[in-house]
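Protein chains in written order, with my numbering: chain A, 2 to 459; chain B, 2 to 459; chain C, 2 to 459; chain D, 2 to 459.
Derived from the structure by calculation, the hints contain no laboratory data. One should not assume that every hint holds.
Dumping the calculated DSSO-like pairs for lysine-lysine here, alpha-carbon to alpha-carbon at most 30 Å [said to hold, decoys possible]:
1. 358/B to 455/C
2. 134/B to 211/D
3. 351/C to 50/A
4. 134/A to 378/A
5. 134/B to 146/A
6. 351/C to 394/B
7. 444/B to 211/D
8. 211/A to 455/C
9. 444/A to 211/C
Coverage of chain A stretches by chain B, computed from C-beta distances (three or more under 8 Å per stretch; other residues unrestricted) [what the hints assert, rightly or not]:
10. 18-26
11. 284-290
12. 298-310
13. 318-330
Stretch by stretch, here's where chain D covers chain C in the computed footprint (C-beta under 8 Å, at least three residues) [said to hold, decoys possible]:
14. 18-28
15. 184-190
16. 216-226
17. 288-294
18. 322-328
For each residue, glycine too, the CB sits at the ideal point set by N, CA and C.
Number of protein chains: 4
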Amino acid sequence: MKKLWGGRFGEETEKAVESFTSSLPFDVRLWRYDIEGSMAHVAMLGKQKILSANEVRKILKGLKEIREEIENGKFRFMPEYEDVHMNIESALIKKAGPAGGKLHTARSRNDQVALDLRLFLRDEIKSVIKLIKWLQRVLVSLAGKHIRTIMPGYTHLQKAQPVLLSHHLLAYYDMLERDRQRLEACLTRINVLPLGSAALAGTTLPIDRKHVARLLKFPSVSENSIDAVSDRDFVIEFISAAGIIMVHLSRLSEELVLWSSDEFSFIELPDAFTTGSSIMPQKKNPDVPELVRGKSGRVFGNLMAMLTVMKGLPLSYNRDMQEDKEPLFDTVDTVKSCLHIITLMLPKIKFNKKAMKEGTGRAYLTATDVAEYLVRKGMPFREAHKVTGMMVKHCIGQKKKIESLEPSEMKRFSKMIGEDIFHFITAEASVENKKSFGGTSGKNVSARLRSLKKGGEK
Amino acid sequence: MKKLWGGRFGEETEKAVESFTSSLPFDVRLWRYDIEGSMAHVAMLGKQKILSANEVRKILKGLKEIREEIENGKFRFMPEYEDVHMNIESALIKKAGPAGGKLHTARSRNDQVALDLRLFLRDEIKSVIKLIKWLQRVLVSLAGKHIRTIMPGYTHLQKAQPVLLSHHLLAYYDMLERDRQRLEACLTRINVLPLGSAALAGTTLPIDRKHVARLLKFPSVSENSIDAVSDRDFVIEFISAAGIIMVHLSRLSEELVLWSSDEFSFIELPDAFTTGSSIMPQKKNPDVPELVRGKSGRVFGNLMAMLTVMKGLPLSYNRDMQEDKEPLFDTVDTVKSCLHIITLMLPKIKFNKKAMKEGTGRAYLTATDVAEYLVRKGMPFREAHKVTGMMVKHCIGQKKKIESLEPSEMKRFSKMIGEDIFHFITAEASVENKKSFGGTSGKNVSARLRSLKKGGEK
Amino acid sequence: MKKLWGGRFGEETEKAVESFTSSLPFDVRLWRYDIEGSMAHVAMLGKQKILSANEVRKILKGLKEIREEIENGKFRFMPEYEDVHMNIESALIKKAGPAGGKLHTARSRNDQVALDLRLFLRDEIKSVIKLIKWLQRVLVSLAGKHIRTIMPGYTHLQKAQPVLLSHHLLAYYDMLERDRQRLEACLTRINVLPLGSAALAGTTLPIDRKHVARLLKFPSVSENSIDAVSDRDFVIEFISAAGIIMVHLSRLSEELVLWSSDEFSFIELPDAFTTGSSIMPQKKNPDVPELVRGKSGRVFGNLMAMLTVMKGLPLSYNRDMQEDKEPLFDTVDTVKSCLHIITLMLPKIKFNKKAMKEGTGRAYLTATDVAEYLVRKGMPFREAHKVTGMMVKHCIGQKKKIESLEPSEMKRFSKMIGEDIFHFITAEASVENKKSFGGTSGKNVSARLRSLKKGGEK
Amino acid sequence: MKKLWGGRFGEETEKAVESFTSSLPFDVRLWRYDIEGSMAHVAMLGKQKILSANEVRKILKGLKEIREEIENGKFRFMPEYEDVHMNIESALIKKAGPAGGKLHTARSRNDQVALDLRLFLRDEIKSVIKLIKWLQRVLVSLAGKHIRTIMPGYTHLQKAQPVLLSHHLLAYYDMLERDRQRLEACLTRINVLPLGSAALAGTTLPIDRKHVARLLKFPSVSENSIDAVSDRDFVIEFISAAGIIMVHLSRLSEELVLWSSDEFSFIELPDAFTTGSSIMPQKKNPDVPELVRGKSGRVFGNLMAMLTVMKGLPLSYNRDMQEDKEPLFDTVDTVKSCLHIITLMLPKIKFNKKAMKEGTGRAYLTATDVAEYLVRKGMPFREAHKVTGMMVKHCIGQKKKIESLEPSEMKRFSKMIGEDIFHFITAEASVENKKSFGGTSGKNVSARLRSLKKGGEK
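Looking at chain A on its own, in the form it has when it is part of the complex:
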């Protein structure tokens, strides 16, 4: 089949080459944006008298028909036409005749595909942001339910200090908040119209790029035609923001896997979100968080793929850049599905408050409170740390909890210790006394929740 660009060529494209170079199997996904971009382009060509009103009408009519056919599954994409753009243009030419042949006036696939990708990603980022906000709301709601649930806080997976489950959950809120910010920042760099840069140098025809930008709601227009067709920064920036989202979800998933182990037993995952074993009849596996954790790999991989593709390419457009689409699409799909499934699952998790609370009763989680008690009595922190360390060592030897020591036993470690110490070394007191801004006290967490709920839909 003769290619639209085939004027200078003597031979037809080898079959194997056709399938090797074709981007249709994946870029077909951009069809809606391709048509949207073409419509704006053609409207501008009409306004500028580059096309006649009649030609514009014919083209728009043709494009609308094609859109409907695709929506209704009636459009036949043909592999011979390499990509989604050539498929749509060829179909248009069949429908609109010579007018159709004018659609590509003052345009190249180089700026066209840059446009399509930006339109696509702009939409998808908005979806991701919505999913993030939804997950944030779920976290706020869950935190509200667990405003009094005490659990062990960990460092190094060793029990460190008692914290509120709500405080722990809100740590994820803050991670997601940064994710949202990064995506918003990324959007400002996506929202720049590349169309009109043509192949790389601009065009000699009297186009009006700002008009196209208005039609497609781009707040700005690219300043340099060579950069506009060479640039895939926005793809890399998005995938790296997505990579950080996946870091966060992988950490949450790791915790859900740990917490649903028999040893922790902090949570029970809903049956509907787990699967069984083909051989072991008793198993109930946390597949969803495992898969989410594993899927961080593919997003990191997509990031590496894109960085590799772009490394060392001379300007301007090179065909290597066609390899941008699959990593981008896969990243979008992965991040969306992971956010979605976690958001569905979280509210259905059964938290085992008793196990969490009991978890704070071993392992000397209030030792820091003892040290700070001594500091308040005037002991330098380093000494207080040492004294408390000795008490803990003594307790381990005696297999006792700190709070089970006799006051007289305690006094052996420091004369400063009085009976009032018992007000400070329960898990509840430990939590409540962490009143420093950002600390885990119920007062702090409640205040934060109030402010988040008031902020409402951001």
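Fit chains B, C and D to the known structure of chain A by using the hints.
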């Protein structure tokens, strides 16, 4: 729909979870290996009297029917059955009744999927090796045609010394030879039967794993059941070997892109392997090598994905490991298609011998020959290097070639220079005199080609 | 040696463990920020009456002395003290006695190291931004000098259309502009005070975090203590922004390498920025751009390292996170040195205007202008593309340039072609007529330069 | 300072360029291999009469002196001499006069650095292999001590079936065995002499490469001079093998971290291998396994770095390749230190056998044994799985263990169940009955241990 593992479960799986966790869309590709593995397993169960001869017959008959149905496109894979294994087993139970329910005796999906993946990759590596050998043969044949074609050799993309095109092409032969070796080495570690490790601990039933190994042509059997179901080393090892192949192909592609630039004009790519521009009528773009070069990114990305998935997973099987398939499949497809397309293209490239030869006439490519000439006359190399450097500087100033200097002019730089120097400073002489083993002289290259041809099919 | 945290321990740390776990060899680099943070912390402890004025005075005096000693190379860092924090605190205790033991009140190394890293990175990002702006100014200045230099523009490394060198250089200006924006965005997320989060839960002591924030010029304070000590988003975000900078520099470097090849000969690199060969006396190698291009690898690697470190870590702090520093430091150093060296080199490059101009005379670079000429005469673009393609094919066959065709010869391809076509198909006209916004015409480029110069120091 | 290659240059190298391009800070590490290689080279030049016996003697004497000076810390490496090679050669010229200037005869830095790197890596891989074998022996010894220690085996971090701790430990033995094999395979590709390839084309001087190979114990000699100086496959292959080692060590580390959590309490790490908290006096943190787990990141990053460096480089040597050394050195150091520290730590871990055993008493770990019991009685496995699943569900509802069910209660699920079932559903019986090859039964494990001990030093 009730799951085969659903005995202990109260709720059915959420729809979104089903689609999130399903591996069917990609692991369906393993169907042939899944059936092959099941047949060997069941034959062994029969031999060990765990199943009756009648049961074995029914199961084998059922599996064969399923195989035929899949081959003929008549089998309906059902998304509700999560993966390819459950689809085939469910279909078998429908066909073979209670006997079908005995197929999974003494087996878990954990060892089953490890088996399927090894069978798959074993086959695919053999295909990749065949493609490598084909490309090597094409290189040998091409080198044979260019046994006298002189071109500039480069370091730092600066012209360095004249070399034979055939010698340059055979550099790729040697890279591919190492690639082949790495794949063979990888094969020895794939060729270990995991089946019979069951979930992770082995089984209480009297199976005979060595018999299964014989049936499936595995030279060895895994020694530790926990390792056998936890291990994906072979996937990582293969992808990293594939990554190095892509490094090699990306280097060759870079050279093809450079050489087909107007500035180099060393080659002309066949029309059938290039494409045109949608806007610039004169363009003929080296899309194939560009895409090959770009596709290195996806293989590196797949490698990073797999390393990330496996990092820090406790033993034994974790669901994260389901994320092994897509990077593996994509790597197999990418490496095969890139090797294939390059192999098809190379013989059709038109080499512009004249441009290559002329390329050696500028830029003082024989300066090292001058220095070595002086060394043979007794000058220490460092001094010879300095003297020749001065001559080159002089030539640049005078806009002359070395060989256009008058003997008297030369003697100003060193008295050691005699008229015999002109025998050493043509491109032809420079090449011919590189007789050190592995050097670029025609004698060497011819000998190498003879030995490679004699070696024949490896 | 007894550790500051050693109260509960029975054995001393194994020597091999000490050196394995020590971060001193690299985190010593943070010393200035560690002291700065401690000073602000202690001033706040004084204001809040947690320490007495006298204690504060002693501590500040001690910290200043330590700072001077380090500046003068007189401070002895001791490997036994694991890290920079413990080294400074231990020295302080020696100087200030028991008061020194109070420095660590209401603080943990977890929030302290998060603070130090943010202070460090905040400073370094400002340096990177300055370097970017410097490079941008150099580009603007260079573009100003080449406002009339015509060169071939490329797509697929095939000559595409004539462009201005100034326009090409400004493409890099725009890439760097996005880099700058990304770093500014990253700064807003770094500029959040973590100190006061203590180990993970906050503290029971009445600290005033906002006061510390004011002293250290942090516009905001972290909201959640668990997140504050668990978070390394800012490290990943910075490295990924740096990765994109390296993509841009690697592309520029690739072009410099290409352009200084004998085949292109578009530029000559200054002797002072190249090196010679140990064996080939004539060589002058573009080492600087080669190394910059290669160094993209280490930054991508650092990004992968950090993503891997953070993947799947449960909250809050884990020792794995100590692995954040080396990739971060290496990225900072790499990006700064690459930006710096490129900025020094660019103004000293000799551009070979003649070779660039001549490069536009082959390869039919104005074919698109012919097509757009026909479009202006009313021919549909697709037809114009085809007609021009035929002309190019004809020219290749005849070994002619388009502009050397006789008008009558041209008319054979289309009756629409008139003699006026010769006004459109010189390289100069082609450039000048690309007046679309962002296009390569001199008018556009001049206007851009005026606006960039007016913008001045951003 | 005048460079050894400076003949043709007009300006001296810019200071900033000198420090940017210098590899001395890291390649100094190769000094011993550089001297070793030079000695063999010079001995061959003597044998071939390219140098006189007297010259050879002078050079060898000079090189030996330099070696001693470096060993004794008396050699002054000078930054102006770019790299380790030029430093040693310059020092030699000072010592040996004009003879010293003959060392570099028939050699380029391109083949010299390839040689040094291969000599270095050959040695280091042997060290890594030794460390692997040491760790394997420690695992065998530890397994020998725990031949009766029963623990829960996990899939999905859910308890799955009882296994022997010794069996679990030997899973790591098998992983390391594959690591060892991969390194051995890598060695065969390193053990190829590149020297004599000179810059890229070979040399005109009558060298004898096979003699050099014998002197340096290389079993083979590179076949193609262009490939020999362009190739860094062996660096990538080693780093990827190292990456898989780090995957294994990160998995082991994850388990050690989990097992030393209060919730698991399976092990206690030795005090000497843990550290405390700067704020929490009770903490004892598993820093060593955390750091090992984290360090997987840097090795993966190094791999990505090297792949990126090599991607798309045209032949032959390019300066980008200087970026091979730091990732390689860092990988060698990381892998060695991680193997070493884990090997030191493992024998000192206190295993809490009681906690491990108790861990098998909850969570229905012998459900699969029940199912296989039913299979042996003739029930199809799928039905047995379902029946057992119902029993587990019943037990969960009743908060009973399977083994606490009354026989009559059991019979309600299947008439096939007899009193003999109680012989099969203890943890001990479950383990003992896993007699399939590679299964966890004590008999199997003992046999494996005997065979491994007999194999002795491999």
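Hints versus structure:
In summary, the hint linking residue 358/B to residue 455/C is not supported, as the alpha carbons are separated by about 51 Å, beyond the 30 Å threshold. Taken as a hint, the residue 134/B and residue 211/D pair is honoured in the structure, with Cα atoms around 28 Å apart against an allowance of 30 Å. A distance of roughly 45 Å separates the Cα atoms of residue 351/C and residue 50/A; the hinted pair therefore is violated under the 30 Å criterion. Straight-line distance between C-alpha atoms of residue 134/A and residue 378/A comes to about 45 Å, which puts the hinted pair past the 30 Å bound.
In summary, the hint linking residue 134/B to residue 146/A is not supported, as the alpha carbons are separated by about 65 Å, beyond the 30 Å threshold. Pair hint residue 351/C plus residue 394/B holds up; C-alpha atoms about 18 Å apart against a cutoff of 30 Å. Note on residue 444/B and residue 211/D: the hinted pairing holds, with a Cα-Cα distance of about 18 Å set against a maximum of 30 Å. Between residue 211/A and residue 455/C the CA atoms are separated by roughly 23 Å; this keeps the pair inside 30 Å, and the hint holds.
For the proposed pair residue 444/A and residue 211/C, the alpha carbon gap of about 18 Å is at most 30 Å, so the pair holds. For a cut-off of 8 Å, the count of residues in the stretch 18-26 of chain A with a CB near a CB of chain B stands at 3, and the three-residue condition holds. Counting residues of the stretch 284-290 of chain A whose CB lies closer than 8 Å to any CB of chain B gives 6, so the stated coverage by that chain holds, three being the minimum. Residues of the stretch 298-310 of chain A lying with their CB closer than 8 Å to a CB of chain B number 12, which satisfies the three-residue condition for coverage.
Only residues whose C-beta sits within less than 8 Å of a C-beta in chain B count toward coverage, and the stretch 318-330 of chain A has 8 of them, enough to reach three; the restraint holds. Counting residues of the stretch 18-28 of chain C whose beta carbon lies closer than 8 Å to any beta carbon of chain D gives 3, which meets the minimum of three for the stated coverage. Residues of the stretch 184-190 of chain C with a Cβ under 8 Å from some Cβ of chain D number 0, which does not satisfy the need for three, so the listed coverage is violated. Coverage of a stretch by a chain is defined here by at least three residues with a beta carbon nearer than 8 Å to that chain's beta carbons; for the stretch 216-226 of chain C and chain D the count is 0, and the condition is violated.
Only residues whose C-beta sits within less than 8 Å of a C-beta in chain D count toward coverage, and the stretch 288-294 of chain C has 5 of them, enough to reach three; the restraint holds. Interface restraint, the stretch 322-328 of chain C with chain D: holds (5 residues with C-beta to C-beta distance below 8 Å; minimum three).
In summary, the numbered hints that this structure violates are 1, 3, 4, 5, 15, 16.
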